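From just these sequences and the hints, can you work out the full model?
Going by our numbering, the sequence shown opens with residue 1411, and the numbers climb by one from there.
Simulated from the structure, these hints should not be mistaken for laboratory data.
Owing to the predicted nature of the structure, the values given are computational and were not obtained by experimental measurement.
Pairwise CB distance ranges, derived in the manner of DEER restraints:
1) 1756 <-> 1688: 53 to 63 Å
2) 1697 <-> 1489: 25 to 35 Å
3) 1614 <-> 1699: 16 to 26 Å
4) 1614 <-> 1529: 40 to 50 Å
Just so it is clear, CB atoms sit at the ideal spot from N, CA and C, and this is done for glycine as well.
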Amino acid sequence: MKKMIMLFLVLAYSVMGQSAYYRLGYGDIFPSTDVLGSSVGHGVVAMEDSLRMTVHNPASLTASNRVHFGVTLGSVFRSINGTVTNKTRLEQLFVSFPLGKKFGMSLGTHAIADFASEYASSLAEGSFSEHSEGGIWEFNLGLGYDFSEDIKLGLKLHTFQGLLRREAILQMEGNQELYVVKGNISGKSLEAGAISNVSDKVSLGMTINIPFDTPVLSGRDSLAGSAIYTNLEEAMEAWPTTIKLGIVYHHSKTMNFMAGIGQQLFSASGFDDARVFGIPAGWSTEPVASFQVAMQKLAIDRTSRYWIKRTGWQTGISIKNYYLMRDSDNMIYELSLLSGANLALRNGKSIFVISGEFGSRGGEESLPDELFARMKLGIQINDVWFRKVKRR
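Okay, here's the thing in structure tokens:
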């Protein structure tokens, strides 16, 4: 059994990232979020919790009454035509802390885009293959302000840093040519957020993330083994503006119901003049609309001696469309089931969270249907760990 498990892992990593969808445009944009958000959807932008911080809405930083450290690991499994691929990585690091009674601040980094892909095709007199690797991370600084008892506001500055290397091999009549595109990616965006407690039972949240410095790829397009190259300075004009709305109904002290709506808006002409990130003929950009509903069961007592009373869970469903579609107007949809659970240590110093998203992506006359499973594991600790113990 152990040998079979090891063989599966080796095979999974050897075909990492061969999803057909990764070849289009930027791959998955903002594919990951922290563990809680992955299991409840965009409704998380309306949530506040002084014991477990969320970094989806900078306005929620005002709930922090102590220093919080968080780290998230993520793993994505995909299956297309029976081929299973996997990518596992560190996805998020953050620290948040209060600044007096009215302000809260956070620093963090987050993986937001991947370029991993493998592609090969046969030509009349040869073959063509392509390999891409790289990705984009964002580094952020957030500030929340407690405007009143019912309204919290926040701002967050995001800076993008990434790398891309794309190799294309053309084999024709015994001759092989290797073309390489490589470069660095940088850009900036500003996110604004608000949370309003409409009543004791209902909370509303909203964020809008606008790129004011569109990510730009700076590098070279070259023929390997020669001095032939051209310099690249290509703006990723189709980088989206993202809007999220969330509502939470606090049914009781231990039960929440929530709904979330997200919208990503792409420039209609964003890919028109692109060389590196040009989309295939017959495809166009499409605004992404997403919707989730979820239910959250909170822990009964986070300091109880019984672990079952310190455990909470959440579950929901999600639907959204892909950001590219064929000109035939056949859209690609993604349907998934969300789930997650968390366990707090009895001393209240840490909380462990796990989430899973299971679903499929595809559409009529589009790319092959793809099954996927996204798993995340996170831990969050607070500064109680670092306080000195008074001894008699």
